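Asker: Given next are the chains, with one letter for each unit.
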Amino acid sequence: MTVVGQRTATVAVAGVGATGARAARQLVGCAEVDEVLLSGHGERPAAMRRSLGDRASLADPLDATGAVVLAGATSSQLELARKAVQAGLHVVSTSDAVDDVVALLDLHDLAVARGVSVVAGAAFAPGLTCVLARHLRGWLDTVEEIHVARFGTGGPACARQHHDALSTRTADWRDGEWSRRQAGSGRELCVFPDPVGSIDCYRAALPDPVLLHRAFPEAERITARQAANRRQRLTAWLPMLRRPHPEGRIGAVRVEVRGRRDGVCVTEVAGVIDRPAVAAGAVAGLTVRHAVADAFVPGAYGLASVVDSTAFLHELAAVGVRAAVFVGST
Amino acid sequence: MTLLRRAIAALGVAAVIAGALRVRGTGGTPPQSGGWRELQGPELK
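Residue numbers (the numbering used here), protein chains in the order written: chain A, 1 to 330; chain B, 1 to 45.
None of these hints come from the bench; they were simulated from the model.
Just so we're clear, the structure is a prediction, and the values are computed from it rather than from any experiment.
Keep in mind that the hints are not guaranteed to be accurate.
[Unchecked claim] If you want a taste of the chain A side facing chain B, the calculated C-beta under 10 Å gives, among others:
no., residue
1, L78
2, V306
3, T310
4, A317
[Stated by the list, open to error] Ranges of calculated distance between the beta carbons of each label pair, as one might list FRET restraints:
no., chain 1, residue 1, chain 2, residue 2, range
5, A, W237, B, G27, 16 to 22 Å
6, B, G27, A, T65, 17 to 23 Å
7, A, R221, B, A10, 45 to 51 Å
8, A, K83, B, P30, 44 to 50 Å
9, A, R169, B, I17, 46 to 52 Å
10, B, G41, A, R169, 41 to 47 Å
11, A, T168, B, A10, 39 to 45 Å
12, A, V297, B, A14, 53 to 59 Å
13, A, D106, B, L11, 42 to 48 Å
14, A, G42, B, G19, 28 to 34 Å
15, B, L11, A, H108, 48 to 54 Å
16, B, I8, A, R174, 34 to 40 Å
17, B, I17, A, G186, 18 to 24 Å
[What the hints assert, rightly or not] A few chain A residues that don't get close to chain B, going by computed Cβ distances all over 10 Å:
no., residue
18, C30
19, L58
20, L62
21, R174
22, R261
23, V327
From the three backbone atoms N, C-alpha and C, an ideal C-beta is built for every residue, glycine too.
Construct the entire structure; sequences and hints are all you get.
Answerer: Laid out in structure tokens, this is it:
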């Protein structure tokens, strides 16, 4: 595995569900991390520690010396993030809840004062979507529109968030202001990398526009959509009718960036397919390695604001998460 | 009273049609040409 930086540190993973467990497994095997501290509810942290071996232990997340990965329930993340920043730790959050992401971004001044980075939405979507948007932006002279879509869910917490995202109001950036629409509206057929293919996607309460607007304030339109079937749309306003699976199957993300190159309007599309929790764990793990190596400036932001997308995508490819581009007419 | 019944019936029919349109149909047509290929070489620079 590539060494991102020379500095080593202890890293905590708070919440070892489907995504947190993958992030911990990534971190245990990398050179920048001395030890991974695991915490969470129930028996899972202990089971993970046995699985990961000597370089993992059970401890309070604030005992870390380098960074904390927030991979637990979304409602629990903000308080721990604030304490971690005050303790001088980098924070990497995998939450895909809009409120969490906005609250984490509000820690910007505190993070700057403490000289640490708070990376909000370092997962599959947001996270990988932000990296892809940054990468495609580099191919254009100017950016005018960014459209993100996602398909699939990771662990149970992700599935619940997916369900909730279809029942509230969304926030898309449109012509200089936030446009609030009903989730579940705005059907659009989105083409994901094979074998997922073309799937109808709908507006949903996703944090990608918030993060991408910070990174690309010049973009006139930024939207995010989520794939859903009829049952999910019809029952979005109800509590989940059945328990979510321990882990979802294959998922996909897709980012479409429209802008100009050499004065000509162009559209670039990139995507990734993978199991969402696996890819999210890889993105979170790699983000921690960059944070511990002090590769990010102090502050709170999404990956699109700070990441070197080329290096990041190279490193993700090395752990099996490979991006693709759509070639042809969309 | 007749007017009210007709209005309610019209609203009901409209709701059924709107529901059918919302649940069925598709958001577009898939691309007729092109495809995906892995990012590589110059695209990763």
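Asker: All hints, please: hold or fail.
Answerer: Hint by hint, here is what the structure shows:
1. Hint status for L78(A): violated, given a least beta-carbon distance of 35 Å to chain B, over 10 Å.
2. Restraint check, V306(A) versus chain B: the minimum CB separation of about 19 Å is more than 10 Å; hint violated.
3. Because the smallest distance between the Cβ of T310(A) and any Cβ of chain B comes to about 6 Å, under 10 Å, the interface hint for this residue holds.
4. Because the smallest distance between the Cβ of A317(A) and any Cβ of chain B comes to about 8 Å, under 10 Å, the interface hint for this residue holds.
5. At about 21 Å, the beta-carbon gap between W237(A) and G27(B) stays in the expected band of 16 to 22 Å.
6. At about 49 Å, the beta-carbon gap between G27(B) and T65(A) misses the expected band of 17 to 23 Å.
7. Checked against the given bound of 45 to 51 Å, the beta carbons of R221(A) and A10(B), roughly 37 Å apart, lie outside it.
8. Between K83(A) and P30(B) the beta carbons are some 48 Å apart, a value that agrees with the proposed interval 44 to 50 Å.
9. A beta carbon spacing of about 25 Å between R169(A) and I17(B) contradicts the range 46 to 52 Å that was offered as a hint.
10. Evaluation of the 41 to 47 Å hint for G41(B) and R169(A) yields a pass: the beta carbon distance comes to about 43 Å.
11. In this structure the supplied range 39 to 45 Å is violated for T168(A) paired with A10(B), their Cβ-Cβ distance being about 31 Å.
12. In this structure the supplied range 53 to 59 Å holds for V297(A) paired with A14(B), their Cβ-Cβ distance being about 55 Å.
13. Range check, D106(A) to L11(B): about 45 Å between beta-carbon atoms, so the 42 to 48 Å window is met.
14. Between G42(A) and G19(B) the Cβ separation comes to about 42 Å, which falls outside the hinted range of 28 to 34 Å.
15. In this structure the hint that L11(B) and H108(A) lie 48 to 54 Å apart at CB holds, the actual value being about 49 Å.
16. About 37 Å separates the C-beta atoms of I8(B) and R174(A), a value consistent with the hinted range of 34 to 40 Å.
17. For the hinted restraint 18 to 24 Å between I17(B) and G186(A), the CB-CB distance of approximately 19 Å keeps it satisfied.
18. Non-interface call for C30(A) relative to chain B: holds, since the shortest CB-CB distance, roughly 21 Å, exceeds 10 Å.
19. In this structure L58(A) is separated from chain B by more than 10 Å, as the shortest Cβ-Cβ distance comes to about 39 Å.
20. At the 10 Å boundary, the C-beta of L62(A) stays outside the reach of chain B, the nearest C-beta of that chain being 38 Å off.
21. With a least CB separation of 18 Å from chain B, R174(A) remains clear of the 10 Å interface cut-off, as annotated.
22. Every CB of chain B is more than 10 Å from the CB of R261(A) (nearest about 14 Å), matching its label as outside the interface.
23. The beta carbon of V327(A) is not kept farther than 10 Å from every beta carbon of chain B, the shortest such distance being approximately 5 Å.
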